[in-house]
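*Asks:* Sequence:
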Amino acid sequence: MITVTFHISCKKHSLTKTRDVVSVSKHNLRLFQSEEYNEEMIEVEVGSEVNVLDDVKEIYEREFSEALAEYNKGKRSDRQIPDYLEYVSESKKNDVATEVILQVGDKEFWADKTREQWNAMKPLLRDQLEYVKEIVPEFKIASAVTHLDEDSPHMHVVGVPVATGYKRGLSKQVAKTKVFDQERLEKYKI
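Residues in the sequence shown are numbered from 8 upward in steps of one, following our numbering.
These are calculated hints, taken from the structure and not from any lab test.
Hints are not guaranteed to be accurate.
[Stated by the list, open to error] Keeping only pairs whose Cα atoms sit at most 25 angstroms apart, straight-line, the calculated SDA-like set for lysine to any residue is:
id	residue 1	residue 2
1	LYS19	GLN189
2	LYS18	LEU36
3	LYS100	GLU50
4	LYS19	GLN124
5	LYS24	GLU145
6	LYS19	ILE108
7	LYS18	GLU47
8	LYS185	GLU70
9	LYS185	ASN79
10	LYS99	PHE187
11	LYS140	GLU56
12	LYS140	VAL53
13	LYS179	GLU157
14	LYS174	VAL143
15	LYS120	ARG37
16	LYS120	GLU157
17	LYS129	LEU192
My request is simple: use the sequences and hints to build the entire structure.
*Replies:* Listed below in structure tokens is the structure:
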């Protein structure tokens, strides 16, 4: 039996600062020199082929600009937040973005499979990405990149978890634990 797994970035792999998104961008898009990886074995499904941080910035602008303007309205200049992405990156409360890895099978399963069998998993990974969009619509996807040059076929998905209804701070905020709650994670097991 082949399984699809869903890993959410946490602890040392969390995207707590904008520089972490830049690092993930380099890995996911193969923007560094390494003999281990083959640029031709990746496929960008969503987002830029150059810089994931730019895609994250677009989501912040689209999702938070209105809530930020509302929050700043009438506040003294020293209490205003000029740039919400920078504010989150400098705080220790939230991650600026979240990376999810969708993986098909494991290293042992793929050890003896052909390249054609690996390629046949791309549509399944795309289907899983659509399923994530369906069950977690508050996870605004900035980048999705399929990798076929490591131990097993997998997709790196970077996005911004957006939650609403806050009474303190911005009415709309980035919130990984609120968006990826236990109920949602249980749904993904189906």
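*Asks:* Each of the hints needs a verdict: does it hold here or not?
*Replies:* Checked hints:
This hinted pair checks out: LYS19 and GLN189 have alpha carbons roughly 21 angstroms apart, not beyond 25 angstroms. Straight-line distance between C-alpha atoms of LYS18 and LEU36 comes to about 22 angstroms, which keeps the hinted pair within the 25 angstroms bound. A hinted pair counts as satisfied when its Cα atoms are at most 25 angstroms apart, and LYS100 with GLU50 does not qualify at roughly 33 angstroms. As the CA atoms of LYS19 and GLN124 are separated by approximately 33 angstroms, the hinted pair breaks the 25 angstroms bound.
Distance restraint check for LYS24 and GLU145: the Cα-Cα separation of roughly 20 angstroms lies within the 25 angstroms cut-off, and the hinted pair is therefore satisfied. Of the pairs offered as hints, the one joining LYS19 and ILE108 holds, with about 15 angstroms between alpha carbons and a cut-off of 25 angstroms not exceeded. Our distance criterion of 25 angstroms between C-alpha atoms is broken by LYS18 and GLU47, whose separation comes to about 30 angstroms. Distance restraint check for LYS185 and GLU70: the Cα-Cα separation of roughly 16 angstroms lies within the 25 angstroms cut-off, and the hinted pair is therefore satisfied.
Using a Cα cut-off of 25 angstroms, the hinted pair LYS185 and ASN79 holds, with the two alpha carbons roughly 24 angstroms apart. As the CA atoms of LYS99 and PHE187 are separated by approximately 19 angstroms, the hinted pair is consistent with the 25 angstroms bound. Our distance criterion of 25 angstroms between C-alpha atoms is met by LYS140 and GLU56, whose separation comes to about 21 angstroms. Under the criterion of a C-alpha separation no larger than 25 angstroms, the hint pairing LYS140 with VAL53 is consistent with the structure, at around 12 angstroms.
In summary, the hint linking LYS179 to GLU157 is not supported, as the alpha carbons are separated by about 37 angstroms, beyond the 25 angstroms threshold. For the proposed pair LYS174 and VAL143, the alpha carbon gap of about 22 angstroms is at most 25 angstroms, so the pair holds. About 23 angstroms separates the Cα atoms of LYS120 and ARG37, which keeps this hinted pair within 25 angstroms; it holds. The suggested pairing of LYS120 with GLU157 holds, with an alpha-carbon distance near 13 angstroms, which does not exceed 25 angstroms.
Restraint check for LYS129 and LEU192: the C-alpha separation of about 23 angstroms stays at or below 25 angstroms, so the hint holds.
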